[in-house]
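Visitor: Sequence:
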Amino acid sequence: MATFLTAAEINTAKQLIEENPRLEGFVPGEGTLEPQFTLVSEAPGRIEAETGHGFMGPAGQKLNEWLTTLGITRDQIYMTGAVKGRPFTEKNGRKSDRKPSKKEEAAFAPLLDNELAKLPKGHDLLVPLGNTGLQRLLGNAVKIGDVHGESLTHAIRYWDGQTYQWTAREYKIFAMYHPSYVRRFPRMQEPAAADLKAVKSVLR
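Quick note on numbering: the working numbering labels position 198 of the sequence shown as 186, and the sequence is numbered without any gaps.
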């Protein structure tokens, strides 16, 4: 599996994780550099942090089902996230996943920005998973419940060192609920199946 991250960017990510006592386990973006689509998720979980690869836990099993439905394998996509380490809280010696903070997203933003900027034309379909992935790209006013399953063409946000700006380049965007959310709430299986059917038509 390849990555768009340079050696210097990998070192930067590892340093950010090392300096943050509430992050652990570097997980780079990885896959093919000419993807059918690029998944943009929130951050790694425990199993991902342990293995160094994205979507290796229960959410990954659901993702594998989705890819099978689409007739695609992992080596045909690229997977990345807003934050490259596992955000966690700790209580009584037990660690639990948490949502990354806006400060953490901003710290890792240049890495994601550079990955997405390197996507070749014709391979620039982005599939943000859940609100964190979606809002990292399109801003906090956009909600997954409003736009999931829709094919969008839009500029995405990039971090200029102080605030988010809009790229000159427009990307194709198709947002979906996060696999872990669909696993947790069985009622979401039906909208997820409809979204998969729609994204399959986009890929055709």
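Incorrect hints may appear among the rest.
[To be verified] Heads up, simulated BS3-like pairs for lysine-lysine below, C-alpha to C-alpha not over 25 Å straight-line: (1) LYS106 <-> LYS160; (2) LYS109 <-> LYS90; (3) LYS2 <-> LYS87; (4) LYS106 <-> LYS79; (5) LYS188 <-> LYS50.
[Stated by the list, open to error] Restraint-style ranges between C-beta atoms, simulated for each label pair: (6) THR(-6) <-> THR39: 21 to 31 Å; (7) GLY81 <-> PRO46: 16 to 26 Å; (8) ASN52 <-> ALA129: 29 to 39 Å; (9) ARG157 <-> THR(-6): 17 to 27 Å; (10) ARG175 <-> PRO9: 16 to 26 Å.
Rather than coming from a laboratory, the hints here were simulated on the basis of the structure. All residues carry an ideal CB built from backbone N, CA and C; glycine is no exception.
Visitor: Please go over all the hints and tell whether each is borne out by the structure.
Guide: Hint by hint, here is what the structure shows:
no. : hint                           : in the structure
1   : LYS106 <-> LYS160              : 14 Å, holds
2   : LYS109 <-> LYS90               : 29 Å, violated
3   : LYS2 <-> LYS87                 : 19 Å, holds
4   : LYS106 <-> LYS79               : 40 Å, violated
5   : LYS188 <-> LYS50               : 17 Å, holds
6   : THR(-6) <-> THR39: 21 to 31 Å  : 22 Å, holds
7   : GLY81 <-> PRO46: 16 to 26 Å    : 23 Å, holds
8   : ASN52 <-> ALA129: 29 to 39 Å   : 32 Å, holds
9   : ARG157 <-> THR(-6): 17 to 27 Å : 20 Å, holds
10  : ARG175 <-> PRO9: 16 to 26 Å    : 37 Å, violated
The structure does not agree with the numbered hints 2, 4, 10 stated previously, though it agrees with the rest.
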